[in-house]
Amino acid sequence: MAPSTEEKQFLDKILEEASQLDSPVMFILHKMQNEYRSIKEDHAEYIARSMGKPLSEIYSAATFYDEFKTSPTGKYVVKVCRGIVCHSRNSIQVLNAVRARLDIDDGETTKDGLFTLEEASCIGQCDGGPAMIINGTVFRDLDPDLAVSIIDRIIGSGGA
Amino acid sequence: MKITIDGVEIPIKEGQTILEAARDSDIYIPTLCAHKELPAFGACRLCVVKVDKMRGFPPACSTPATDGMIVHSDEKEVRKLRRNILRLILIEHPHSCIVCSERADCESIRGGPVKAGRITGCSMCPNRETCEIREVSHYLGISDMEIPMEYKGLPLERYDPFFDRDYNLCILCGRCVRMCQQIRGVGAIAFTKRSHNTKVGTIFGRTHLEGACRFCGACIDACPTGALSPKGSKWHGKADSSVESICTFCSMNCAMVLEEKWGRVMAAIPDRNKEYSRAYACVYGRFCIPAFLNDPNRLHYPLIRKGGRLSPVSWEEAFRYIGDSLKRFAPEEIGFLVSPYLTNESAYLLNKLSRDVIGSHNIDMISKFGRMVIQYLAEKGRASSSWTTLEDVEKADWIMLINNDMVFTHPGMPVAIHKARENGARIMIVDDSKNELEVESDMQVRIEPGSLRTFLAALTKLLMNNIKVTELEELDSFIDFRRSLDGLKLIDAVRSTGVLEKQFSAIEGTMRTSKKGVIMVGSRIMEDPVPTQILGEINNVLTILGMDRGFIPLLEEGNIRGIADSGCINGFRPGYVRDRTSGKDYLRMITGIRRGDVQALFISEGSIPPEHIRGAKFIVLSEIYPTDLDSMADVILPSAVFSEESGHYTSFDGRVWNLRKAAEPPGSALPEWKIISGIGKNLGGDGFEYGSSEDIWKEMEENIDFFKKDGRPPVPERKELLSVSEPGSIHLSEQMPYVVRYRGTPIHELVEDLRTYLEENDRIPREEDESAVEEAQREVV
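Top line first, the protein sequences correspond to chains A and B. Each residue of the first sequence is one higher than the last, beginning at 3 in our numbering. Each residue of the second sequence is one higher than the last, beginning at 804 in our numbering.
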């Protein structure tokens, strides 16, 4: 499989933008992740070839950081904090409630492709735990019901 | 410059690290991630030392040695630190063999054969014989572990051909990853994920077969643990004996250590002590040698056709029968078709038997590309000189690769090209179909099939525009050459090749930058009806550039160079001395058989298509495995393989290698030189009384200038220019891809995993397509 013409245009654009940077790989991975919600195999191959780098180098970096996904993620990535402070405030119950509501385990994506559930190490909300973060929006002082109602609201809005 | 390690003063070289300096002076510093073929990595931290006036404990592998440095390696504080570092490593590495109270007693039986898939106990580890972790832990005196082990519980990876992986043993030293990327230039594996989840894995979870892996096995040889193990040769335990020999499957002749156990070659391991070729061994040599040589179908006894059936006989009877039968034919009715896998000694004796004893000058090699190239070079007086070598490749400033599949025909060569590229060489690929090395190239042009001549002609024209060639104008051939170029318009060349003008000038410009260049050409040029025209036009390019070296034809068969050197080439005696009596070459022998001019044949491998020799009255076939020719042969002689005899081989670039005997041949099979001597003696020939192959070699060295030490003449100047072809497309005759073989038998026919690998890469038809397989096996010469 090869990237489509539009995808190539996008990849060429970020390659161009990255060409002046000292460490272009991270920049490119971020852009790819934001645009396509995952680092796709054919995209990574295209980038590696264009940069004259071994594909293994791109792939190593992509799997090193949790921010980057090598398999497609849902439209909404739900990260429930499992840091030590949230843990002491029963974040496990929040996580389990979300698990049950979405019927997926952490690391998995719902069948409709709407949600991906992940555990996160500390997300820096220790004064408002338990916390979770959905596509960059932080939700604090959660309890299981509140967490589920947030998920419900997203589903209720048709995922828009 | 000097440094002091533990009170011992040792010399250092500019740019050396402490570890390198210590190793040069035989001072042991424990390491698990450092490898002498790889740059420093600093992953395992076991080589930490104390250095006066330096803070902390720097690792010896990545700390540059500076004059006057005082280093402490073997002292209490350092040893304690290293012991704790190793213990941390061992938490995730099954280590029952290291902390066992019976350890001393088990040393003697540790190397015994074993059958166990998952490695959980001490005796099941494939590295039980040579384990670097054991060595290091022994040196550091680890006899207990205070921290309990944490078994990773990863699944075994046994679904790929050739080697198994058990990453539960992996210590993440990264040698395999670095070897694959930095030395082999492949990059099939990488560190995946982070921290506790880090694992060596393939890209996007592909299998090795689907991914970029070329199955060279360099990762296995670099691994300090038993995490990686070759499927075919991990069960037999410690070898009974081993010899330094070579792999004979292609003309690179990589140095290999052949390990013998129970009278058979059980493993072949790249000889890492040899500077040349240590890093080039590939899927064929690393994995296929034992399975290929030990197949139960090897021929055991001489066979003579009696009343339509082949029956086993003694060698004496076979020799007598051959002698009596051959006497019925006139010398010019006898032909010799020589396998390009014979040793130089055997080839020399065949030349003697044919030309001197029998008086037949019909002798030629069984080969397509190699025969064409060497015959061409011999006619031009250039075959006898030393050829462009592997070192020239590594040190080249530019390399042009033309129509070749070296990833499958010479898998070691891309390693040299990777090294050249690391050293700054520009790699240019000119090919009329997909070339697997595209990732390793700086420039690639896909030319239209059949337009290679036009491409070379246009390149020649551009070079002529930009280079002064005053001295070439004296040549007789110059006027015609010049005229042929004048008729060539670049625009026509662009049209028929599909190569843009700017691409032409980029290539031409690169070639002009340096005379240290190499043009490599593969056997796909045989699709051209007159492939010598292409060789001639390549010669034009090199001549105009003023290069006296730089041409590498990717000769395929193991010793094609050597048997030509030794006289088994039409028109030339050993050392490329012109044969004053003319004889028939391969193709004329084939037509001669049809016409009845050639009636008796001595053939030393069964790869010839049966229809080529149909009609011959008497056929002697020496081979190692049954072939399609068996039904036509009157006598079949079982020959020894390369691991069962001693002798010499000559690699594509003219290096002479020693073959050494590792095991006995099966049944009463004999080395080819003994077979030829036996026939020679029965025909009343003199000069076949040899005690060993070494005697033959001595005779060659004494009598033939070419084989004398430093006897090779220097490269002659390329004082010739060939008129270029008119632009346009040549009609090509399609041919099957070359498959690597030995003595006429394709390696993949006996090695199932190789078949899988080659099928996956479309080098051979899938097994299910029976008719196509049959087609592929028919070698159309």
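One or more of the hints may lead you astray.
What the hints assert, rightly or not - In silico lysine-lysine, DSS-like type, Cα no more than 25 angstroms apart, as pairs: (1) B/1002 with A/55; (2) B/1305 with B/1271; (3) B/1002 with B/1183; (4) B/1077 with B/1109; (5) B/996 with A/33; (6) B/1464 with B/1420; (7) B/955 with B/879; (8) B/1130 with B/1464; (9) A/71 with B/1464; (10) A/55 with B/1064; (11) A/42 with B/1002; (12) A/55 with B/996; (13) B/1264 with B/1183; (14) A/77 with B/996; (15) B/1319 with B/1064; (16) A/42 with A/113; (17) A/55 with A/71; (18) A/10 with B/1264; (19) B/1002 with A/71; (20) B/1237 with A/55; (21) A/71 with B/1130; (22) B/1198 with B/1319; (23) B/1271 with A/42; (24) A/71 with A/42; (25) B/1237 with A/10; (26) A/55 with A/42; (27) A/81 with B/996; (28) B/1420 with B/1130; (29) B/1002 with A/81.
Honestly, the hints are just simulated from the structure, not real lab data.
Hint check:
With a C-alpha separation of about 21 angstroms, the suggested pairing of residue 1002 of chain B with residue 55 of chain A holds against the 25 angstroms cut-off. A distance of roughly 22 angstroms separates the Cα atoms of residue 1305 of chain B and residue 1271 of chain B; the hinted pair therefore holds under the 25 angstroms criterion. Taking the CA atoms of residue 1002 of chain B and residue 1183 of chain B, the gap is about 56 angstroms. The hint is violated against a cut of 25 angstroms. Between residue 1077 of chain B and residue 1109 of chain B the CA atoms are separated by roughly 50 angstroms; this puts the pair beyond 25 angstroms, and the hint is violated.
Using a Cα cut-off of 25 angstroms, the hinted pair residue 996 of chain B and residue 33 of chain A holds, with the two alpha carbons roughly 20 angstroms apart. For the hint linking residue 1464 of chain B to residue 1420 of chain B, the alpha-carbon distance of about 36 angstroms lies beyond 25 angstroms, and the restraint is violated. Proposed proximity of residue 955 of chain B and residue 879 of chain B is contradicted: the alpha carbons are some 32 angstroms apart, above 25 angstroms. Taken as a hint, the residue 1130 of chain B and residue 1464 of chain B pair is broken in the structure, with Cα atoms around 34 angstroms apart against an allowance of 25 angstroms.
Note on residue 71 of chain A and residue 1464 of chain B: the hinted pairing is violated, with a Cα-Cα distance of about 54 angstroms set against a maximum of 25 angstroms. Among the hinted pairs, residue 55 of chain A with residue 1064 of chain B is inconsistent with the structure: their alpha-carbon atoms are about 44 angstroms apart, more than 25 angstroms. Among the hinted pairs, residue 42 of chain A with residue 1002 of chain B is consistent with the structure: their alpha-carbon atoms are about 20 angstroms apart, no more than 25 angstroms. Proposed proximity of residue 55 of chain A and residue 996 of chain B is supported: the alpha carbons are some 19 angstroms apart, at most 25 angstroms.
Between residue 1264 of chain B and residue 1183 of chain B the alpha-carbon distance is near 23 angstroms, which keeps this suggested pair within the 25 angstroms criterion. Only pairs whose Cα atoms come within 25 angstroms are accepted, and residue 77 of chain A paired with residue 996 of chain B is accepted, the gap being roughly 23 angstroms. Distance check on the hinted pair: residue 1319 of chain B and residue 1064 of chain B sit about 46 angstroms apart at the alpha-carbon level, beyond 25 angstroms; violated. Taking the CA atoms of residue 42 of chain A and residue 113 of chain A, the gap is near 19 angstroms; set against the 25 angstroms cutoff, the hint holds.
The suggested pairing of residue 55 of chain A with residue 71 of chain A holds, with an alpha-carbon distance near 20 angstroms, which does not exceed 25 angstroms. Distance check on the hinted pair: residue 10 of chain A and residue 1264 of chain B sit about 37 angstroms apart at the alpha-carbon level, beyond 25 angstroms; violated. Straight-line distance between C-alpha atoms of residue 1002 of chain B and residue 71 of chain A comes to about 17 angstroms, which keeps the hinted pair within the 25 angstroms bound. Between residue 1237 of chain B and residue 55 of chain A the alpha-carbon distance is near 20 angstroms, which keeps this suggested pair within the 25 angstroms criterion.
At most 25 angstroms may separate the alpha-carbon atoms for a hinted pair to count; residue 71 of chain A and residue 1130 of chain B exceed this at roughly 78 angstroms. For the given pair, residue 1198 of chain B sits about 8 angstroms from residue 1319 of chain B by alpha-carbon distance, which is consistent with the 25 angstroms threshold. Using a Cα cut-off of 25 angstroms, the hinted pair residue 1271 of chain B and residue 42 of chain A is violated, with the two alpha carbons roughly 52 angstroms apart. For the proposed pair residue 71 of chain A and residue 42 of chain A, the alpha carbon gap of about 9 angstroms is at most 25 angstroms, so the pair holds.
With a C-alpha separation of about 22 angstroms, the suggested pairing of residue 1237 of chain B with residue 10 of chain A holds against the 25 angstroms cut-off. Restraint check for residue 55 of chain A and residue 42 of chain A: satisfied, since their Cα atoms lie roughly 16 angstroms apart, inside the 25 angstroms limit. For the given pair, residue 81 of chain A sits about 18 angstroms from residue 996 of chain B by alpha-carbon distance, which is consistent with the 25 angstroms threshold. For the proposed pair residue 1420 of chain B and residue 1130 of chain B, the alpha carbon gap of about 13 angstroms is at most 25 angstroms, so the pair holds.
For the hint pairing residue 1002 of chain B with residue 81 of chain A, the CA-to-CA distance comes to about 24 angstroms; that is within 25 angstroms, so the pair holds.
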